[in-house]
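Trainee: The chain contents come next:
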Amino acid sequence: MGDVILESLCAATEDHAVAATEADAVDRMPARWVALPDSAEQTSAVMRVAADHDLAVVVRGSGTKLTWGARPERVDLILDTTRMDTVVEHAAGDLIVVVGAGRRLDDLQADLAGSGQWLAVDPPRRGTVGGLIATAATGPTRLLHGPVRDLLIGVTVVRADGVVAHAGGKVVKNVAGYDVGKLLTGSLGTLAVITQAAFRLHPLPEAHRWVSVPVTHPDGIQAMVQDVVHSQLVPTAVELDRPTAGDATLSLLLEGIPPGVESRTAQALDLLGDGATARDHAPDWWGAEPLVGGEVLLKVTHEIAGLAHLLTAMDHACAATGFTAHLRGSVAVGAVTVGLAGPADAHALAACVANLRERATTFGGSVVVLQAPADLKADLDVWGPVGGLQLMRAVKRQFDPERRLAPGRFVGGI
Amino acid sequence: MDVRGLADQLRPLLGDDAIITDHQRLRTYECDGLAHYKVTPALVVLVETTAHVAAVVRACAAAKVPFVARGSGTGLSGGALPHADGVLIVMSRMREVLEIDRANQRAVVEPGVINLQLTREALPQGYYYAPDPSSQQICSIGGNVAENSGGAHCLKYGFTTNHVTGLELVTPGGEVVQIGGKAVDAPGYDLLGAIVGSEGTLGIATKVTVRLTRTPEAVRTLLAAFPHTDQAGAAVSTIIGAGVIPAAIEMMDALAIEAAEAAVHCGYPDGAGAVLIVELDGPAAEVEHQFDQVEAFCRDNGAFEIRIAADDAERALFWKGRKSAFAAVGRISPDYIVQDGVIPRTALPEVLRRIAAISAEAGVRVANVFHAGDGNLHPLVLFDDAVPGESGRAEQVSGAIVDLCIEYGGSITGEHGVGSDKAKYMPRMFNDDDLDTMQLVRCAFDPASISNPGKIFPTPRLCGEVPGRHKGAHPLADAGIAEVF
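First to last, the sequence lines map onto chains A and B. Numbered as in this note's numbering, the first sequence ends at 404 without a single skipped number. Numbered as in this note's numbering, the second sequence ends at 535 without a single skipped number.
Going by beta-carbon spacing under 10 Å, a handful of chain A positions derived as facing chain B:
1) Ala126
2) Val153
3) Ala166
4) Val251
The hints are simulated quantities; they were obtained by calculation from the structure and are not laboratory data. All figures in this text were calculated on a predicted structure; none of them were measured in a lab. Every residue gets a Cβ at the ideal spot worked out from N, C-alpha and C, and that includes glycine.
With the hints as constraints, model all of the structure from the sequences given.
Mentor: As structure tokens, this is what we get:
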């Protein structure tokens, strides 16, 4: 049986399919085959093989965020996108790029840098373009340039039934038809396979300055962030790095033309007050995930003015359950990540997350467990409460009625 | 149940004055801003609350009667064109700004709130609502959400979809669902991304949470006159190529200028073959420096006159000519079609020459007004309906321009929407599989196809259960803990 399937996958990909190894397991769920199609057409053929043989499919780029979300119920086939890695079109004058989903983000940034442009997602990572979309990964500069969903202007996808479809286009301004690209952004590979994407680009700024200041108490941190967001500094990013309660740094990125950045740096130093310093390079923690060894990573959102409540709730939840939290992220956007270290115990982790969620109304956001060791995740509600779940289920039923794509990975068991 | 039965059923809840069945009064709702499409609705209801909307939609769903939501009726694609056997739900009485939340940089509004009204209420606190369609004095936020409206300043600040963080939605089944809120990135699929711009086909927004934008420290505006659109187009490319992202770059050609002059006496330079309006905003030091650059770029590319707005009044005069351009064309032509297409910005000079050739060949005048920074063209095709054959020729020219946009890798609509008007063009931009995939979303939200049917898609998809085995939801979900898992 297995040989027949492998033969079919090889036929679909011109011999780019192999039996899976231990390294291909997803959340310790072993896979059986890996297929590496090099085009939408081959991806379609692979999906048709999966349909014929009732295979559950997990889409993989570089695999850096493959464990985000809940543990899939089944994994038969890994659909690896990394051979779809060509830059199809870079129209520098139009500030757009069309690129295969399997191209690594750091490679793409290198391609674009020669034209003085970049895809405004930072910092450059080894993850792929497709993974960036599927995980809706966020970085500091989304404050000014918007999240991935706002930079994505067109997609080519292969549906679970093998149908190849396009949505959007390659112009920034376009309202023809539904914005399927946004629906796929953050869908963790549960709706369709993204094979190609078009993005709007931004010019690389001429000058950068990071202005940082040590901060301590939640109320003081929030007051300072409020001063910044209501100012005329127009920062590209406002990041908080808080390794422990009482020890934190607030850091602003100012970009633009040299005279403008100079003038705003002076204003920022003035606004942030005693202890503020300006540098022309990023702090070493900039844009990195705050993993502290425990491999538990949360994504927490909050209302901008709910920051103090969030920090207090975080400290409270940790104190009550024996964890320490390293919080880092875009506090002027209201999206941060938290690395948790503490007992390697599923109940303790569940208690910590539940404690934080109980206070979520005070900061107006949500708490999602992005990543945790497989044994801790098994009985954990990684997603928390979800608004509009019935609509989401209906969307999944339409796109993937047989639950072929990463079944169980997404919200509500989708 | 027929529609008259619906009227009787809804009257006790909404009140007599909110139910319109009289034919003459119904006719006042027969079109939106695209007045050559006219359909008299079977019933009009004037709603005031979310509960009203949900009750009306539930009644429609039960009776399998289509409904269409209408805001201010300013849309230019027939998106709010009524259904002859359906209910037109008029949202304009829901026009309260519920909250201006400066600390969170958000506002919560009812869908009938006028776009500019929101900005006026936010301005005293140093904030405004960035999407600014030319109709912002009368168009509603709910309509903006349906159409994903843009505006002159979306080059820098984005469209409605980039500014909505939360919605209260009445689904086509009549359920009230809260999606997103003041915080970003709600867990799950990006339903907001699907709903904003879906032209009322996925339900009715009854409450909208939007981002407010800090008013810029400095704003500078110039008006540059060029002998020909080629030079103006080259100036645009130079500006963007230098890494400058202006708040807006607008262009008008000689015919559009003539019309604006006749209508609002904006005093644009004599003899211009094209004018550019370039606006920069942001921190003062940046704006000053880049404004000098932009002025130089315009001169280098052949601008023969450059005016710099000395104050808000002069800036308003520059914009007056541009923002009134559509209506102004009525001064030089009895009838006209407003086209809305998008091309890659770098193709601008070439596409303008092709449009001129199409216009000359057909003997139909075309005035060009556009958001040059993002390649969004608004050719105005002029004709006289009283002359036999002219309207048909104008339609042909208008369609040829759409084809040109597709040929150059652009879009059939940049901001006006597909609506009733452009459904027929959708298959030129998307193939059957693309359209089928979009309609999967439609089927998820509205399997009975009663929410603004007949818009966007030339051929409706039947939303019957997809053949195949259904494995059902996660076992824990089925066991009743679905909502928390």
